[in-house]
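We have chain A; now place chain B onto it with these hints.
Here is how the chains run, residue by residue.
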Amino acid sequence: MCRHIFGDNFNRRATVADNDFGAEQALNYERKVPCALVIDTSGSMSGSPIEQANAGLLLFEKEVLADSVAKQRVDLTIVTFDSAVEVARDFALLGDVVMPTLTTKGTTRLVDGVRQAVELIKGRIDWYFSTGQDCYRPYLLIITDGEPDADQDPGALKRELQELVNVGHDSSEKPGHPRKFNVMTFAVDGAPAEKLAQFSPTTPVELKSQNFREFFKYIATVTRQVSRSKAEEKIDLSPEALGAKNPFIVTT
Amino acid sequence: VNPPAAWLVAAASITGAGHSIVGEGCQDAHSWRVTARGDLIIVVCDGAGSSARGGDAARLVVAALSSAPSLELSHADELSEDQWRELAEVLFRDARTQLETLAERTNPRIALAEFACTAQLVLVTDSALYMAHVGDGRATARFSGSDEWLPLFVPDRGEVANETVFLSTPLPFDAQYWRDAAARLPGRANAVAVMTDGCEAAAFECYVPDGASGFHDPNRPFPGFFSPVAKKLRSLAEEQTPQVDVDAMWEVFIRGGLPRFAAESDDRTMVFGVRLD
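Protein chains in written order, with this note's numbering: chain A, 827 to 1078; chain B, 70 to 346.
Bound-form chain A, shown alone:
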């Protein structure tokens, strides 16, 4: 899994002085942007929604790979949840692992799925630090068309996620340097926003499954840009903030 994670030395391969000034470029590696997609694969996502999601994942990969910087930075895992939780893709750079084809079944173990993704991100941050690497703020992207199963505890999850957004994960590998999370929740095809708000620390963004391709293209843009965003301003992911730039918002 980790064999290629340092990425190529992007710049080392590209030092040819082919410009009017005869300049060569410096030799740098790239810091990583850990990104976890948590995708609902319950029965209600069958048919067109899951087909669109699979097509969207491939588009996401294509978009990121087309960006020579982003492809060295975006470190992606995919966790699915239905009646069970599955790590459909462990953390790796795009292109290093084949993108999975998701299938649907069962109910909505959403809380379990999100917690699994959180643990994966924490573990990844620990690993970065243990190997002397740095990383940008992690992304946790939750995509669902339904509310959690009745026996799940969305309130507890919300408190956990709020802690990660506001305080962050303080890795034992580098104590005192917590990494705060960016968390986005997407409500697919009219999923009850008020139910999703029970666990989501940020305002859920409405999304039509028929727009999954545009959505994943947008997410590719976000993850490409996140490494350029600057601190003090957290990225506002509310529908109001995304506004016209967000092509997949359902306006009601």
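Since the hints were made in silico from the structure, they are not lab data.
Incorrect hints may have been included.
What the hints assert, rightly or not - Derived contacts from chain A toward chain B, CB cut-off under 8 Å, selection only:
(1) L853
(2) A892
(3) V895
(4) S909
(5) E912
(6) R915
(7) W953
Claimed, not checked - Using 25 Å as the maximum straight-line C-alpha spacing, the simulated DMTMM-like pairs for lysine to aspartate or glutamate come out as follows:
(8) A:K1000 x B:E232
(9) A:K1000 x B:D286
(10) A:K948 x B:E93
(11) A:K1021 x A:D922
(12) A:K888 x B:E93
To be verified - Derived list of chain A stretches under chain B, where covered just means 3 residues or more per stretch with a C-beta under 8 Å from a C-beta of chain B:
(13) 874-887
(14) 955-962
The C-beta atom is built at its ideal place from N, Cα and C for all residues, glycine as well.
Positioned in the frame of chain A, the structure of chain B alone reads:
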């Protein structure tokens, strides 16, 4: 128009692909000028990408700093480091006040934080280089009698690598901060370059393996980048290349003259000056 006699300067601010995608203009700004006695003044600002008025803030701060009369030093007027710190703090405070005024005038409901930008100010005289900065970006200079490119400051970093401080935040304005943020380097600089962080991965070594413990940021200007550029600019000056042509060449270079530039989604600004005598 031929360039001023004392220096040849190439400068450009380029809109990054990431900003172009979402229909935003360039949020970097820069200015340079040569004073009557031949001192070079460079100002570079990077408007924060996710603040609504970062580009406006960058342009305002560039105008405020670059036009400051107090940067026009007269002959025997070289400043001590303490005097420079004091002057720099006054200039940056004044620029911040202008930001506050702009914010209030624009819309009182818009927070000052929406006018977030970094700022770098460099003044090069015959006997010293004076530097002050708030936030990230990089700068380097080479002094007479040496082939070494020296980093002029360590960029401010937050919790993670892409986080920094801005002129709109209160953080930069205490004595502790200015002890590190403003400095006087004695000697006669014969070349200087000031840039926003969009250029740093091409021009500086800033994330490299350090052997046993992993990766670090040595903040090391890359000679393979800077030395050929300085040499080329000198040859352009000898050929009396018009400033407009120099600027055009420079814009092409910063836009995509290196793979790392072409791949960069952030806005990019670099001002590069070489002394001509």
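Here's how the hints hold up against the structure:
With its C-beta approaching chain B no nearer than about 6 Å, A:L853 sits inside the 8 Å limit, and its interface hint holds. Taken as an interface hint, A:A892 does not check out: its beta carbon lies about 10 Å from the nearest beta carbon of chain B, beyond 8 Å. For A:V895, the suggested interface contact is upheld, since its CB lies about 5 Å from the closest CB of chain B, less than 8 Å. The interface hint given for A:S909 is violated, since its Cβ lies 37 Å from the closest Cβ of chain B, which is over the 8 Å cut-off.
Checking A:E912 against chain B: minimum C-beta separation of about 30 Å lies over 8 Å; hint violated. The closest approach between the C-beta of A:R915 and any C-beta of chain B is roughly 24 Å, which is over the 8 Å cut-off, so the hint fails. The beta carbon of A:W953 comes no nearer than 11 Å to any beta carbon in chain B, farther than 8 Å, and the hint placing it at the interface is violated. A hinted pair counts as satisfied when its Cα atoms are at most 25 Å apart, and A:K1000 with B:E232 qualifies at roughly 18 Å.
Only pairs whose Cα atoms come within 25 Å are accepted, and A:K1000 paired with B:D286 is accepted, the gap being roughly 17 Å. Taking the CA atoms of A:K948 and B:E93, the gap is near 34 Å; set against the 25 Å cutoff, the hint is violated. Distance restraint check for A:K1021 and A:D922: the Cα-Cα separation of roughly 36 Å exceeds the 25 Å cut-off, and the hinted pair is therefore not satisfied. Annotation: proposed proximity of A:K888 to B:E93 holds, straight-line Cα distance about 24 Å (limit 25 Å).
For the region 874-887 of chain A, the stated coverage by chain B is not satisfied: 0 residues place a CB nearer than 8 Å to a CB of that chain, which falls below the threshold of 3. Interface restraint, the region 955-962 of chain A with chain B: holds (6 residues with C-beta to C-beta distance below 8 Å; minimum three).
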